[in-house]
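Chemist: Sequence:
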Amino acid sequence: MAGALLGEQHHPRIVQIDGYELSVKPERCLIVLRNNDVPGVIGRVGTLLAQHGLNIAEYIQSREAEGGLALAAVSVDSKVSPEFLKTLSEDDDILDARAVYFGA
559 MAGALLGEQH HPRIVQIDGY ELSVKPERCL IVLRNNDVPG VIGRVGTLLA QHGLNIAEYI
619 QSREAEGGLA LAAVSVDSKV SPEFLKTLSE DDDILDARAV YFGA
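Reading the sequence shown from the start, the letters are residues 559 to 662 in this note's numbering.
Since the hints were derived computationally from the structure, they do not count as laboratory data.
Every residue, glycine too, gets a C-beta built ideally from N, C-alpha and C.
Here are the computed distance ranges between Cβ atoms for each label pair:
| hint | residue 1 | residue 2 | range |
| --- | --- | --- | --- |
| 1 | E566 | Q609 | 34 to 44 angstroms |
| 2 | A615 | L563 | 14 to 24 angstroms |
| 3 | G565 | S647 | 28 to 38 angstroms |
| 4 | T645 | G565 | 31 to 41 angstroms |
| 5 | E622 | G598 | 16 to 26 angstroms |
| 6 | L564 | E648 | 33 to 43 angstroms |
| 7 | D635 | H569 | 16 to 26 angstroms |
| 8 | K644 | H569 | 27 to 37 angstroms |
| 9 | H569 | P597 | 29 to 39 angstroms |
| 10 | E622 | R656 | 17 to 27 angstroms |
| 11 | A562 | G625 | 23 to 33 angstroms |
| 12 | K583 | K644 | 20 to 30 angstroms |
| 13 | G661 | V596 | 30 to 40 angstroms |
Required output: the full structure, derived from the provided sequences and hints.
Modeler: What follows is the structure, given as structure tokens:
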């Protein structure tokens, strides 16, 4: 994981996770997913989040190559349960799901 301070205001950003380049605010709960870069994954993740009452603050995805592997960083407004992460991981196109918490 790599971070940077951007702009004159020095806004903190996570700019790399496991070799994938992205730019995401280090706030709240960040769900980090490794997934296949295929149609429907983002929609299924969004549906599961909604079914569990979780609101998306930010969804950023970075991929190695079209149709290859991708890494998604999904910021949500509240903590997620281990059961929710397990449910995400049960999707055939999601290879790994973990949560990282920032702040209080």
